[in-house]
Amino acid sequence: MREMIKMVVVLTVLCSFSGGLLAALRDGTKERIEVQQLEFIKGPAIRKILEGASNDPIKDRFKIKIGETEKTFFVGLFDGKANTVVYEASGKGFGGDIGMMIGVNLADDKIAGVGVTTHSETPGIGAKAQTDPKFAKQFKGLMLTEEVKVKADGGKIDAMSGATVTSKGVTAAVTEAGKFYKEIKPQLAEKAKSFQK
Amino acid sequence: MAKTLTQEFVKGLWAEIPPFRLVLGLCPILAVSKTVENAVGMGIAVIFVLVCSNILVAALRKIIPSKVRIACFIIVIATFVIVVELLMQAYTYPLFLKLGIFIPLIVVNCIPLGRAEAFAYKNGIAASAADGLGLGIGYAMSLTVLSSIREVFGNGTFLGATVFGPSFQPFKFMVEAPGAFVCLGLMLCIMNAMGKK
Numbered sequence: 069m070r071e072m073i074k075m076v077v078v079l080t081v082l083c084s085f086s087g088g089l090l091a092a093l094r095d096g097t098k099e100r101i102e103v104q105q106l107e108f109i110k111g112p113a114i115r116k117i118l119e120g121a122s123n124d125p126i127k128d129r130f131k132i133k134i135g136e137t138e139k140t141f142f143v144g145l146f147d148g149k150a151n152t153v154v155y156e157a158s159g160k161g162f163g164g165d166i167g168m169m170i171g172v173n174l175a176d177d178k179i180a181g182v183g184v185t186t187h188s189e190t191p192g193i194g195a196k197a198q199t200d201p202k203f204a205k206q207f208k209g210l211m212l213t214e215e216v217k218v219k220a221d222g223g224k225i226d227a228m229s230g231a232t233v234t235s236k237g238v239t240a241a242v243t244e245a246g247k248f249y250k251e252i253k254p255q256l257a258e259k260a261k262s263f264q265k
Numbered sequence: 032m033a034k035t036l037t038q039e040f041v042k043g044l045w046a047e048i049p050p051f052r053l054v055l056g057l058c059p060i061l062a063v064s065k066t067v068e069n070a071v072g073m074g075i076a077v078i079f080v081l082v083c084s085n086i087l088v089a090a091l092r093k094i095i096p097s098k099v100r101i102a103c104f105i106i107v108i109a110t111f112v113i114v115v116e117l118l119m120q121a122y123t124y125p126l127f128l129k130l131g132i133f134i135p136l137i138v139v140n141c142i143p144l145g146r147a148e149a150f151a152y153k154n155g156i157a158a159s160a161a162d163g164l165g166l167g168i169g170y171a172m173s174l175t176v177l178s179s180i181r182e183v184f185g186n187g188t189f190l191g192a193t194v195f196g197p198s199f200q201p202f203k204f205m206v207e208a209p210g211a212f213v214c215l216g217l218m219l220c221i222m223n224a225m226g227k228k
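Protein chains in written order, with my numbering: chain A, 69 to 265; chain B, 32 to 228.
The following block holds chain B by itself, in its conformation from the complex (with noise of 0.2 Å):
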């Protein structure tokens, strides 16, 4: 194989960080970067199905017929984002609540798939963990960066304590949903930016 373990887990932290430089997923992370909690919460989930995931299809890519592959992905998907989803409501409850509709939707999330069709079933199980793990970290990080930024300007709080004194408006804009595009836009431009030297 040409490139490493460690090169396929840390192409997932910058080269192939999921929501900038792939693009995927961007659903969720819109919707649950509101505050921090949530979306550390959300990318701790993604880590766990897709590092599942990988491993699982690319144990099973010899056995799985190239004519029915997506819908095994899916049900192996499936059934991990369920996993995590009846984990959740016994363990943390309230986060639950306020993940809601977005931990089922992990399924149809790009990542896990196109990760499971692009990666994990042309490679090794090894190989397709480490990738799973680092593309699942990348992703937890971009939102947790993006959620602080939303959570700090938008509510002056960061994982719900107070950053600025009691003289600190709010910057609502950054909690409502265009304020979620534009961060992201930012954030994509300095990615790019910072891509081009």
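Excised from the complex, chain A in its bound form (with noise of 0.2 Å):
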């Protein structure tokens, strides 16, 4: 019976240690984890929506909440204005999600670039959607306002040769991310003002 208890007690005194450290220490880095993450995996791609930006659009974000979620926009500085901005959207791809980075310029609503951030697409077909410069800039320049949608169903983005559900799921976070914009266009363009400098 003595060491029954004693086992109860060992375990769950040693449980109680190991969870507070972690807590503690997670608690601890969460911030920095955070800032590393939107470096290295929406990073880039930001970074190339927003090439020739004057400002760091990593660091020149906002948060805006929309019902439950919060979405965090990125604001790019082209000429002393703040007039593009990017954030996150997702599609349903071959293999699982496909998270996207969407920069539209705010004062005529065309895209000013699209770049795949996650995905589980097969490698050297869908997953081209991430690193084939050719299939993202076909997005440059169109209206998110309007539905975006491949040749296929009568619009105007060449799909990839053999990774259609691929295209059609960037497509498809597309056309969702325009649906979201116009209803919060006033809103983001407040917001981005207050960057301008």
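It should be emphasised that the hints constitute simulated quantities derived from the structure, not laboratory data. Be aware that one or more of the hints could be misleading.
[What the hints assert, rightly or not] Which residues of chain B face chain A? A partial, calculated answer using Cβ under 8 Å:
id, residue
1, I95
2, P96
3, V99
4, C103
5, I106
6, T110
7, V114
[To be verified] Computed list of lysine to any residue pairs in SDA-like fashion (alpha-carbon distance at most 25 Å, straight line):
id, chain 1, residue 1, chain 2, residue 2
8, A, K74, B, I86
9, A, K74, B, A109
10, B, K129, A, R100
11, B, K129, A, F162
12, A, K208, A, E156
13, A, K98, A, S84
14, B, K93, B, I106
15, A, K208, A, D124
16, A, K208, A, E119
17, A, K160, A, K219
18, B, K129, B, L61
19, B, K42, B, I75
20, A, K149, A, N123
21, A, K98, B, A121
22, B, K153, A, V76
23, B, K42, B, I180
24, B, K129, A, Q105
25, A, K98, B, V114
26, A, K131, B, A121
27, B, K93, A, F85
28, A, K149, A, F263
29, B, K93, A, M75
30, A, K208, A, N151
31, B, K98, A, C83
32, A, K98, A, E136
33, A, K116, B, Y124
34, A, K74, B, A149
35, B, K93, A, L89
36, A, K131, A, Y249
37, B, K203, A, G192
38, B, K98, A, V77
39, A, K261, A, E156
40, A, K160, A, I252
Built from N, CA and C at the ideal position, the CB exists for glycine as well.
Fit chain to chain and form the complex, with the hints in mind.
Rendered as structure tokens:
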């Protein structure tokens, strides 16, 4: 009986000690990890979309709460005007969710660029959505307020060969981002202005 | 105590070098030894976990009831592994992305558990620390040697710097999984031949 109690006590103490330590450490590193994730996962796509911006878009970011979720927006300054905003969207791909960054010009509602951040598509086929600049380039200049579709569905985007599902996932993500954009545009424009220098 | 601290330390470097003599921890060694950078990062993580868990297990060895010792070891090891994982995410994020699942897998890696069971549970704190440090460094060394061979021949680079001239045709087989097995087998073979004298 005494051995039983000892076992329970030792395990309980050990577990709570370990739990406490890890919780404290997690709290301590949370902010840094968030910054690192921004920098290394979303960072490359954001910087690519906002190429030539005079500010650091990763630093100039703000959050808007929509319903339950909070979305982060990254601002790009061109010619001293905070007119381009990049934010996250996601679509269903062939192997899972495709995470994307979508940039939009607030002045004319045109897409400034898109970039895939996370995906689980087939390497060499669907994964090209992230690496092939030709595919991403097609989105530039399209109206974000209109539905974006692949050519087979009557749209303007050339689907990547062999990766129709991925291509449609990307266009769906962009379309979704467009619907969302229409809803919050006034809010966006106002917030982005505060970053103008 | 029969053996001195130096002996406990040195045995990990040659006589009981983990992947070759104990043939433990092979799963990460095959996966992570593609490039020297990954191998060194993994090696440092293992050294940290091994030393810390050995010290803690040795310190608690009189309190831990023998019936639940494995559970206690796992708690101790898992705690330190998560510490490493969080620190890596916070400070060396690109390395964390490359090592990925193999950091959490140190928990079920046989080396820390094997040392806790076979050594730290029966020996003092100082001896256990020396044992952990020796084996950890031995493991890191083996990883570095194996990854150097694979990276130099398979990719023509060492730590990312080109070794051979432009005419060098990379021996791609070496960076693939079978190359790891063959390379590891050859190293084991050499080590055994040398030990037989």
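>> Flag every earlier hint the structure violates by its number, smallest first.
In response: none
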